[in-house]
Amino acid sequence: MHMTIRGQQDEYIADFEFLENWDQRYEYIIDIGKKMPPMPATSKVDQNIIKGCQSTVWLDAEFKNGKVYYVADSNTQIIKGVVAMFVEVFSGHTPKEVLDAPVYFVEKIGLQSYLTSNRSNGLVAMLKQIKLYALAFQSKSMQS
Amino acid sequence: MPDSSTIMSPALDIEVIRKDFPILHRTVYGYPLVYLDNAATTQKPEQVLRAMDDYYHTINSNVHRGVHYLSQRATEAYEAARQKIADFINARHNHEIIYTRGTTEAINLVAAGFARKILRAGDSVLVSAVEHHSNIVPWQLACEEREATLKVIPVDENGVLVLEGLDRLLEGVKVVAFNYVSNSLGGINPVREIIQAAHSRGIPVVLDAAQAVQHLEVDVQDLDVDFLAFSSHKLYGPTGIGILYGKEEWLHRLPPYQGGGEMIKTVTFEKTTYNDLPYKFEAGTPDMAGAIGLAAAIDYVQTLGLGNIHAAEMSLMSYALDTLRGVEGLRLIGNAGAVDRAGVISFLVGDIHPFDMGEVLDKQGIAVRTGHHCAQPVMDRYCIPGTVRASLAIYNNREDIDRLAAGIRKAAKLLLG
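Those protein sequences? They're chains A and B, same order as listed. Take the first sequence: its position 98, counted from the start at 1, is 98 in the working numbering, and no numbers get skipped. Take the second sequence: its position 19, counted from the start at 1, is 19 in the working numbering, and no numbers get skipped.
Simulated from the structure, these hints should not be mistaken for lab results. One or more hints might be untrue.
Cβ-to-Cβ under 8 Å is the rule here; a few derived chain A residues that face chain B [stated by the list, open to error]:
(1) TRP22
(2) GLU27
(3) ASN75
Simulated restraints on C-beta separations [unchecked claim]:
(4) A/SER43 - B/GLU328: 29 to 39 Å
(5) A/SER141 - B/GLY260: 56 to 66 Å
(6) B/ILE384 - A/GLY66: 41 to 51 Å
(7) A/GLY66 - B/ARG409: 41 to 51 Å
(8) A/PRO37 - B/VAL162: 43 to 53 Å
(9) B/GLY326 - A/LYS34: 27 to 37 Å
(10) B/ALA406 - A/PRO37: 29 to 39 Å
(11) A/LYS128 - B/GLU193: 44 to 54 Å
(12) A/LEU99 - B/ARG398: 49 to 59 Å
(13) B/GLU328 - A/PHE18: 31 to 41 Å
No residue lacks a Cβ here, since even glycine has one placed at the ideal position from N, Cα and C.
Using the sequences and the hints, build the whole thing.
What follows is the structure, encoded as structure tokens:
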């Protein structure tokens, strides 16, 4: 059973509060990235690239039993870790849950610079893409 | 002023200079700031900040228009700044100095002029393989407009421009544009050789000196360059203003860039008569405070002496290259030594992505640039996503370099671990 979108975010926030200094936090983020299941080669293709100025992020999603599952990767370790958190937060939920969910953990754990400096990476675009996948699956499931 | 080659030990006291730059005394994430992103923009000394503050406090007024006292004082200060800039690069006339918003606008002005008046279908424009995007894209636009071709002087694996075959490359070329110092690799390009080769065929040269004027003495008459562009904000001056130098005869040949106030003599709906140089290229109310700030920055640099600055920076560069070469796994991108390099050190460590390195350095209060530095063709040449770039200014000291090296080691431990 997956944690709720809020529950997973709250857990990350609690973990970060426990980590005292920035290097521990980075280690934690990088570690999450390393533990993320490898992205299947069929998904890690050019059309799934969300290209930022500096880092490259791949994102794909599939729809199984009414729920959305995301897979992702990045060529930078820190962004990969952040991406992995997004994947963990949003995977295993219905499109409606993904679309309705507020995203607050990024700001709470002090990673907002990754979201605001949109020239430096594609994270804003990635969050948008996460929601777009959910929207697409939602309209598909309504039609069928 | 002593020539840089005769100075054996730096004549400047860097610790005294650092006191002039208020921002250097702040902390970032609890660490004293190490600012090594000077090729992006330099910090401003108190003297520049005060000059701009004084301008707004005492003489702010529109230039060249008013008969009133303030307008006359503002105009005097604004034109005195132009004279100072002309002297700084040894231009023959001060009307050869055009105020622009920066290097990018200066190059766009020239490229647009060439597109409208000089380039024809089948002509070529020659740039180099180590250019900033702002010295590529304006020429691409000009070439597209005129069905001309953009050609490129190649670069070797050490970051040095390959001049063999240059003469053949120059065939059919109407203008050559390249940078004095590469912003991504830091190598000083063979400016004189390229200008000479171009001139032997009667081809004009546009020199992007954005990364040069703060490090080296630049004399436009001695170089015999036809156009030269630089930005105030990389020369310890304010942002938003830059300079285009053009030889008088070339500036007369180019059409106006933008229309508006200041650049006209008479306007009727049938015909507008353009103003003389330099005003022909300066439409609209200019950046008066910027010009005055830039003049103060030039005063600052000239008080220190560019020869002294060059000697001090070369000494620090030599120390930095030695120190960084001692960091395990670090490889320099572009192999210029301290003598043929100005300001910039580009590097990578192991397979660490430059973004990750930049992030972890930032958290230690160290500001560097990461990425492709608006020079994607250079990165493609080396098949890398980008580099980490540390760039020096006159206020950097050995402690900054030691902090950088320690920061890189710490980052490598975290990111390679």
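Quick rundown of the hints versus the structure:
Checking A/TRP22 against chain B: minimum C-beta separation of about 5 Å stays under 8 Å; hint holds. The criterion of a C-beta within 8 Å of any C-beta in chain B is met by A/GLU27, whose closest approach is roughly 6 Å, and the hint holds. Using the Cβ-Cβ criterion of 8 Å, the hint placing A/ASN75 at the interface with chain B is satisfied: the shortest such distance is roughly 6 Å. Checked against the hint of 29 to 39 Å, the pair A/SER43 and B/GLU328 passes, with Cβ atoms roughly 36 Å apart.
At about 57 Å, the beta-carbon gap between A/SER141 and B/GLY260 stays in the expected band of 56 to 66 Å. Look at B/ILE384 against A/GLY66: about 44 Å separates their beta carbons, and that is inside 41 to 51 Å. Range check, A/GLY66 to B/ARG409: about 50 Å between beta-carbon atoms, so the 41 to 51 Å window is met. Distance hint check: the CB atoms of A/PRO37 and B/VAL162 are about 47 Å apart, consistent with the given range 43 to 53 Å.
Checked against the given bound of 27 to 37 Å, the beta carbons of B/GLY326 and A/LYS34, roughly 29 Å apart, stay inside it. Judged by the Cβ atoms, the range 29 to 39 Å given for B/ALA406 and A/PRO37 holds: they are separated by roughly 36 Å. Checked against the hint of 44 to 54 Å, the C-beta distance between A/LYS128 and B/GLU193 comes to roughly 50 Å, which is consistent with it. Checked against the hint of 49 to 59 Å, the pair A/LEU99 and B/ARG398 passes, with Cβ atoms roughly 55 Å apart.
The beta-carbon spacing between B/GLU328 and A/PHE18, approximately 32 Å, falls within the hinted interval of 31 to 41 Å.
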